[in-house]
Amino acid sequence: MTQASTFETDQDQVALICERHQKDPHRMLDILRDVQDQFRWISRETMATVAGKTGLTQVAVEGVASFYAFLSLTPRGRVTIRLCDDIVDRFAGLPAVVEAFENALGIAVGQTSADGAFSLEYTPCIGLCDQAPAAMINDVVLTGLTPEKVREMVAALKGGKRPEDLISHRFDALSPYERAKRMVKNNVRHAGAVLLGPVPEDAGLMKALAQTPAAIIDQIAASGLRGCGGAGFTTGMKWRFAEQAEADRKFIICNADEGEPGTFKDRVLLTERPHLLIEGMTIAARAVGAREGILYLRGEYVYLRPLIEEVLAERRAKGLLGKAIMGVEGFDFDIRLQMGAGAYICGEEGALISSCEGLPGEPKTRPPFPVTCGYLGFPTVVNNVETFCHAARILDCGAQWFFDMGTEGSHGTKLFSVSGDCINPGIYELPYGLSVRALLEMAGGEDAAAVLVGGPSGTMIARDTFDRKLTFDDLATGGAIVVFSPERNILEIVEYYMSFFVHESCGYCTPCRVGNVFLQKAVAKFRQGLANPADIAYLKDLSATIIETSRCGLGMTSPNPILSTLENFPLVYSAMVKPPKDRIRATFDIQSAISDARVLAKRRSSIYDKDFTK
Amino acid sequence: MSGFSFQIDGVEVTAKPGQTIMEAADEVGIYIPRLCDHEGLRHQGGCRVCTVKAGGRSVAACTQPAAPDLVVENETPHINKLRRDLVGMLFNEGNHLCPICEASGNCELQAMAYRLGMTEPTKFPYLEPCRPVDASHPDIALDNNRCISCGRCVRASQDVDGKGIFGYVGRGIHRHIAANGPDLRHTDAEVTDFAISAEVCPVGCIIRKREGFARPIGERDYDDHLIGYDIEKKRDE
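Protein sequence lines correspond, in order, to chains H and F.
Using the numbering used here, you'd call the opening residue of the first sequence number 1 and step up by one each time.
Using the numbering used here, you'd call the opening residue of the second sequence number 1001 and step up by one each time.
Bound-form chain F, shown alone (with noise of 0.2 Å):
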């Protein structure tokens, strides 16, 4: 099967047998949100941030294959609404306090926040949990209060490091992130790990020590674009 066409809000985007809607749709420019997804690491599907309807069904952007004439509503305000609600759990499942967050400004769950028009407190409750920090390893720090569980650091590290430094352990509310022993410091961590790397965690749960508000107010990544400005800039392109 050679290259098909399918519709994203009404615009036509070409597809190639085997890609997912939002690989096909960041080809062309089309952003659809997404916070546990990472481009160079398996898909996850896990935060729904990237929901769309797909042939009028719902479905994770980021798994469900693109497919021969298929119309996919991505910015509706229905979807949109959808989107605010996840996101909006995922604040309040952790501690994320902006103003006081080395990742602000930096921070995907913010930005996403800010792109769909989230700009009061939601009606849900604060589930306030109560997370150690590890500050174990030398370079690096770990405050999970701000992770979303979106798995990015683990697929980085089980994929592209080959280390496999981080995994889920438990179920439920208390799925969570661990490292692979006791703490960071017992694991084969280095700062210079893709797993590290600012790129890959969304939120200022991985902390790279020594290197805090390194970027001043009006240079961090979303002061002056919105998330999914380097996807989208590709349509003028």
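Only chain H is shown next, with the shape it has when bound in the complex (with noise of 0.2 Å):
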């Protein structure tokens, strides 16, 4: 076969991926995925092919392609793995696992081997914080790694095992829900009264339907259900918007896009409750007229799409998707799932909604808010999948059944996805208000010396306020929460989630793109020893105009990490700014700064040169 003609079969090949999915630009995400998995990259040739069919230009093409973790612009192994190196995952071993891989597969981290057979790359939080070491290869996620593990997986890939087959030899005979099992433990460690324990069957819809939406939208009012991915907005209150909007189409749509680092408590509902969670949708659409919904799924959680694609099928057999729901005859709902590519800024709401439609995953401007203008510019309601779970079991068990739970202002039960320096990692499910103190002695974490409540974008405290509560009044959460032990370095920590952030940044303004990578290296001074008094002032400083300035949620988080160590742990950074004893304050590093024009000169000085004499 020819090059050429090779080329003209493979154009032909994106060409019928398009076709696929109407040729729609709103599914350019689904375009560009099918072509990653097919060909393992997406080249020039094919973005202006996928550009012709959709009727974009290429740079629009481009600009989604270039977006995505997970889409590549130039060639990517047949096999992809993915380490996950959160911060977590470090303090669990990465380093050996790396080292193991990189051994193991002769490329670094970051290559791709000759043969086209391995790319090895690292990607962030991947939501499995409490097996970790993780990965994932291809579609598939392993746990719990060690080297002596990634020798033996290696081997095994390369004597041309599948990476399904890692996971067991008949993979194919079983169900979804018993793949995902053998790939990832639950560690479901308190099951609660509303979520993780026992669940009838669509109960909360079927009461749904003998009532009119206003009185659905009534009771989640009355329940004091809260956003549960971390915001907190009144779910009943961003119904009610979404049903006096008027329009021709509204749309429900569920973020499962968890990717807060340290969260993992929407893949434990995504395996254990999906039913739950398309029920608590169903009676969403019910309450404020939607037809139209999407489930959009993080790219991290591919494993579960044939698991949730198998439950949105079996849902529709049932007569409990599609038209004339439960023989209601006018309340037609049906859900797309929609798959994400690697990028934690589609949590967002509004870069959610950009994704849902093919764009780059770039928050929108509000107003208007999603309620009224989201998705394609129609009303559409936008929840975590926990709050969808919650709605569903609220209409079942009534409102005051839920709001009796908790706390003043904070209602029902919370998971919390609990990782780090414990015994017992995992999910807990538990009513609002208790102590973090409480939470660890559950988790076996009492010595914790610091804990990460609510992610990097949540608060990170010290010994000496464990006492706080888990409420949306005092340390709120959409459900992170990581135990750092006394050992932990501090400064280490939120130089990661500072890099964490500027991976994560989409770019779009100002404060959030360039801010971010100052806050970076002013970080990477203090751990260097390089910073001087003045410049806790300057973190301090530029953390407020990022946070003020900012255009969506990341950028008025993301300095967090800095500004909640700085005042729980302020002798971590005030040790790093003592002054030396020859009272000569480095605040500059000579030797990287002439390094690159010492190897363009290509000499070597008497002076700066350490090893000169070697």
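Just so you know, these hints were derived from the structure itself, not from any lab.
For clarity, every value in this text was computed on a predicted model and none was experimentally measured.
Think of the CB as a built atom: it goes at the ideal place given N, C-alpha and C, for glycine as much as any other residue.
One or more of the hints may lead you astray.
Computed cross-link-like contacts, DSBU-like style, restricted to lysine-lysine with a CA-CA straight-line distance of at most 30 Å [stated by the list, open to error]:
id, chain 1, residue 1, chain 2, residue 2
1, F, K1053, H, K540
2, H, K581, F, K1123
3, H, K318, H, K181
4, H, K181, H, K161
5, H, K540, H, K581
6, F, K1163, H, K53
7, F, K1081, F, K1053
8, H, K578, H, K540
9, F, K1081, H, K521
10, H, K540, F, K1123
11, H, K521, H, K540
12, H, K578, F, K1123
13, F, K1123, H, K525
14, H, K181, H, K158
15, H, K525, H, K581
16, F, K1053, F, K1234
17, H, K521, F, K1123
18, H, K149, H, K185
19, F, K1081, H, K540
20, F, K1053, F, K1123
21, H, K525, H, K602
22, H, K469, H, K185
23, F, K1053, F, K1233
24, H, K185, H, K161
25, F, K1081, H, K525
26, F, K1081, F, K1233
27, H, K23, F, K1163
28, H, K525, H, K540
29, F, K1233, F, K1016
30, H, K602, H, K521
Taking beta-carbon pairs under 7 Å as the criterion, some of the chain H residues facing chain F (in silico) [stated by the list, open to error]:
id, residue
31, P511
32, R513
33, F518
34, K521
Just a few of them, taken from the derived set where beta-carbon distance is under 10 Å, the chain H residues facing chain F [stated by the list, open to error]:
id, residue
35, A48
36, V502
37, A544
Both chains are given apart, each in its own frame, so use the hints to dock them into the complex.
Next up, the structure:
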């Protein structure tokens, strides 16, 4: 076969992929994901073909292809290994795992083997902190990695086994649920009354269908339910706004893009309570008058896709989705699954809608808000997985039942994802209002020196404030609780999280795009011992500007790792700016400053080269 | 709903429903500093230099709708400090060497810095990027090192020229403006495009070949006036 004809066939296949998605530019992410899966990269020729088919400019296609971490503009290996490099994984032995991969594959992280068989990459938190170190290998995930396991896996893959075969030799015979369970432990440590205890099938939906939409919304409002993704907006109010909006089409979107490092509660709900989730979305559809829904599943949870698809198909077959749901004439609702492709920002509701529309995951200008002008400009309710599950339970058990749990302003239960330095990492469903100390006792993390509540965009607290409460009014959290023992270096943690935000900023607005890079550099100075006392004020000052001027929640919270550790661990910073004994304050590393010039000049300095004599 | 009034720095301003704070301010001759916004183009809200305090909340004036009785703070020491930080970020993100730049004197970034009283280096680190220059087109050159990602050329080409020769690619600090093809020569860009015109690019990134340093010192846009003068002079009319 000649080169030219291969090219033709390739582009024919790209064209076929576009046809499969009706050449719809709003399905760009699906198209590019399929291209990536088939060809392992997205070439310029491919972008031209996709642009031609969908009627977009090539640069618009490139804008999407270059935005998402799981899409690649250079060839990737047939087996792409993505190592989760979250700080929890690092502390759980990631460096040894990386070394084992690099040695076994003969490539470094960031490289693809010459034969195109393997790529090795880092990726931020993949939602498996309770079983770290973890990695994605194509569409499967592997947890609790050790160098020994890595050597065995790589040998098997080199011997021609598929990544799926690493999970089970009879992988294809397993049900989607069994596959998910083989790959990932649920680690449910405490089941509460609402979500993880016994849940009757579709009882909430049945009751909802006997009520008017207004009555459904009244119940949700009376229950005190607030969004569980982190922002905590009152769910009843959100539904009411969308219900009141006049439009031909309305949408219900489930945000299953939990990307906050240390959060993995939705992973467990998607595995164990997928029917409850879809039930909740269906109730929301009934309440606001929506006929179309989208479940946005983060790219890292691609291993759950078959499970969700099976659940959707099952519900369609049972008349729980589709036309005339449960026999109610005129109540039509169906859901499509939208896969993400590696972008934390898509957890922000505007960015999530952009992503569903086939655009780069950039937040939208507010106002207008999604409830009046969301997906494709139609009124849209975006709620977190846990929020929809709660809604279904509230319809079944009543608003008062839910309202009576928790504390004032924070009603019901909450799923906490506990990970890090504790004996029992996993999921705890508990009523709001518990103290951090109580949760640490349950999880076996009493020795903690620091606890990060709500992930890096939340608050890092020290031992003296472990009595603070897990509520919206005190320590608000989407569910992430990361425990750090006294051996951990606070500044290392902070620097990691700042690099995370730099990696995940969409780049739309100046303060978040540029300011976070400056913050990251400033923290690095502290770690290197090059900071001076004025740098503490500089950190606070720059953080304040970023928070006040950023366009969305990412930039409004990204300085939190710095600000909350400055407040709660001030000695960590002041220790790094103490004057040295010789009173000469190094604020500048001349070695690294001149290293480029030294290479260019091909000369070495007898003064500045520490290893000059070698 | 008919017209309504609100306040900017204590001045009563009349606005029509649907107008943004900036649109209403422009009409009455109150200048709110901005870089990514340009008259006749869609609002973007990306540079954030137009940040104002409206009803106690910091918002981008170019995208935030005006509302009856809203109290807006524009020229306060606090807001101008934020703006200096933002402009400082834009300077240090790219490579802006005013003394050798063709746009000097006509550059909105430079003029904004002067307006905000920036006369010395900030404490921000220089990122010193190494971005490729695209001189492939016979009539146009792009020095991306001076780009501030305002996206005015993107919107001008899409919405005014109906072409789409530019677009954003990449994410985060790597997000940048790219040509709709391997380079500008392989697009249908023409030097007569509105997107290429001197008024669209606020800095010295889009260069029309063979017309460099056309205006001598003393006759450049901001030699005699602060940026925003054209709007502020309406107040005296």
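Hint validity - P511 of chain H Cβ closer than 7 Å to any chain F Cβ: holds (6 Å)
Distance restraint between K540 of chain H and K1123 of chain F, which requires alpha-carbon spacing of 30 Å or less: holds (13 Å)
Restraint check for K1053 of chain F with K1234 of chain F, where alpha carbons must lie at most 30 Å apart: holds (23 Å)
Status of the R513 of chain H interface restraint (C-beta, 7 Å, chain F): holds (6 Å)
Satisfaction of hint between K540 of chain H and K525 of chain H, Cα-Cα up to 30 Å: holds (15 Å)
K181 of chain H paired with K158 of chain H [C-alpha distance capped at 30 Å]: holds (25 Å)
Satisfaction of hint between K540 of chain H and K521 of chain H, Cα-Cα up to 30 Å: Within the cut-off at roughly 14 Å; holds.
Satisfaction of hint between K53 of chain H and K1163 of chain F, Cα-Cα up to 30 Å: holds (17 Å)
Proposed proximity, K581 of chain H with K525 of chain H (alpha carbon, max 30 Å): It holds: about 19 Å lies between the C-alpha atoms, which stays within 30 Å.
Straight-line alpha-carbon gap K1053 of chain F to K540 of chain H, limit 30 Å: holds (20 Å)
Interface hint outcome for A544 of chain H [beta carbon to chain F under 10 Å]: holds (9 Å)
Cut-off 10 Å, beta-carbon criterion: hint that A48 of chain H touches chain F: holds (9 Å)
Violation of the numbered hints given earlier is absent; every hint is satisfied by the structure.
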